[in-house]
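**Q** So you can see what is in the structure, the chains are spelled out below.
2 protein chains.
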Amino acid sequence: MEGGAAASTPAALPYYVAFSQLLGLTLVSMTGAWLGLYRGGIAWESDLQFNAHPLCMVIGLVFLQGDALLVYRVFRNEAKRTTKVLHGLLHVFALVIALVGLVAVFDYHRRKGYADLYSLHSWCGILVFVLYLVQWLVGFSFFLFPGAPFSLRSRYRPQHIFFGATIFLLSVGTALLGLKEALLFNLGDKYSAFEPEGILANVLGLLLACFGGAVLYILTRADWKRPSQAEEQALSMDFKTLTEGDSPGSQ
Amino acid sequence: MEGGAAASTPAALPYYVAFSQLLGLTLVSMTGAWLGLYRGGIAWESDLQFNAHPLCMVIGLVFLQGDALLVYRVFRNEAKRTTKVLHGLLHVFALVIALVGLVAVFDYHRRKGYADLYSLHSWCGILVFVLYLVQWLVGFSFFLFPGAPFSLRSRYRPQHIFFGATIFLLSVGTALLGLKEALLFNLGDKYSAFEPEGILANVLGLLLACFGGAVLYILTRADWKRPSQAEEQALSMDFKTLTEGDSPGSQ
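Chains as they are written, first to last, in this note's numbering: chain A, 1 to 251; chain B, 1 to 251.
When chains are identical, the list treats them as one kind, so a pair holds in a single copy or across two.
Distance condition first, Cα-Cα at most 20 Å in a straight line; then the derived SDA-like pairs of lysine to any residue:
1) K84 with W136
2) K84 with G139
3) K80 with P227
4) K225 with V74
5) K84 with I218
6) K190 with S122
Don't read these hints as lab results, they were simulated from the structure.
Chain A with its partners taken away, still in its complex shape (with noise of 0.2 Å):
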C-alpha cells in the first residue's frame, strides 16, 4: 500500500458495504430456507434437483456477481493488480456456480421430458449467462491477459463497467421473474390467499431489488470511487511519454 493521501477510505463506505452484505446473506440463507421449509430441500438424483437452480443462481448470479462489482470498493487502498484478480476470480467463482445451476435446470427438464426455453425467464437468463461469459472474456482479454495498450483499456473501461452492471441488474430482474414462475406454478390458486410460502418468496424478491438497489449505489456514488494511485499515474505517464514524446516531468 503506497500514497498517503489514497489510503483513506470514505467514512460510510464501510457501513454500505456491510448493508449489502447483510443482504446478500440472508438473499441466501432465505433461498435456502424457501426451498427447505416449502419445497423439500435439495438432491441433485431425484425431483429435488431443480431446486439446485434457484440457489446457485443467487449465489453466483446475484451475490458473488454482486461482490465481484464492490471489489474495487472494497480494496480500494491494495494494489490494482490484486484487485483486478480477485474481481476476475470471484466471477470464475460465480460463472460456474451459475453453470451448476444451468446443468440442473436442464437435466430436470429432460428428466421429467419438460419443454426448454419457452419462457420470459428462460430467455432473459440465457441471454444474461452468455452476455455474462463474453464480458468475462473480453475484460480477461482487456485487462488481464498482458499486450492489450494502455489507450484501448482506457477507451473499453466505461463499456465494461456500463455492461457489468448492466449484466448484474438483468440477473436480479431475471432472478425475480424465476422466482415469479416457481410460485404461480406450484401454488396455483393458493398464492392469492396469502400463503406463508407466497408471503416468504414475495419478501424475498423484495430483497433481491434491495441487493440490486445497494450494489447500485455503492457503486455509482461518485465520491466512493476508487482512486487513482501512485503506481497507475506512473503508468499513465509512461504511456503518455512514449504516445506524446513528453517527458514525465513535462506534464
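Using the hints, position chain B against chain A.
**A** Coordinates of chain B only, in the frame set by chain A:
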C-alpha cells in the same frame, strides 16, 4: 440559447436517443398489439378493463418515465429552467397515466372479487408508485419550488439522480413481472408449447429490458452529461461569493 461552447451536442448522442425512442414506441405499440390480438382489446366498463392496466403502465411508468430522465441529455443546450419544467411535466403525465392503470386493476379486482396485493408484482408495483410519487414531491420542492438553498440542492442532486434511475429500473422490472404473471395465468400449459402469444410477449419482455438498458446507457455516459451553462456558472459563482466572501473574479 447562450454560451457557444456549451451548444455542441456529442455526435453519437442523437442516434442513441433515436434508437431509444424507436424501442420505446415499439414497446407501446407491441403492448397494444398483444392486448388487441390476444386479449380482446381494451374497454373500461367490462372484463376488458384489466387490459388498461398493462397499457397504462408501459406508457406511463416505462416509456414516459424513461423519456423524462432523458430530457437533460436531449435538451442539453436549452435553458436549465425550461428543461427542468419539461422533466417535471413528463413525470406528472407518467404519474397520472400510471394512476389510471392502478385504478383499472383495483376496480377490475373489486368487480371480479379477486384478492388485491398478494403477488410479488403487486408489492413491487405499489412500492414503485409510492417511491415515484415521493421522488416527484421531493424533487419539486427542492428544484422547482423557489426557496431551497443552493447548497441543499447541490447535496440532494446526486441522490435525486440515483433514486430516479433506480425507480425507473424497478418500474421496468415490475412490468416484466406483470407480463410474466399475465402469461402464466392465461396461457398455462400452452406457454410451454411455444404459442404465438407466448413468443410475442417474450419478445415484448426483452424489448422492455432493452429500453431500460438504452435509457441507462444514455444517462450514464460521462461525456454526454449536460454541460454546466453560463447562467448556472454565474449562479454558482454568486453563491460562492456569498458563502466564501470571494469576488467572482478571484475564481
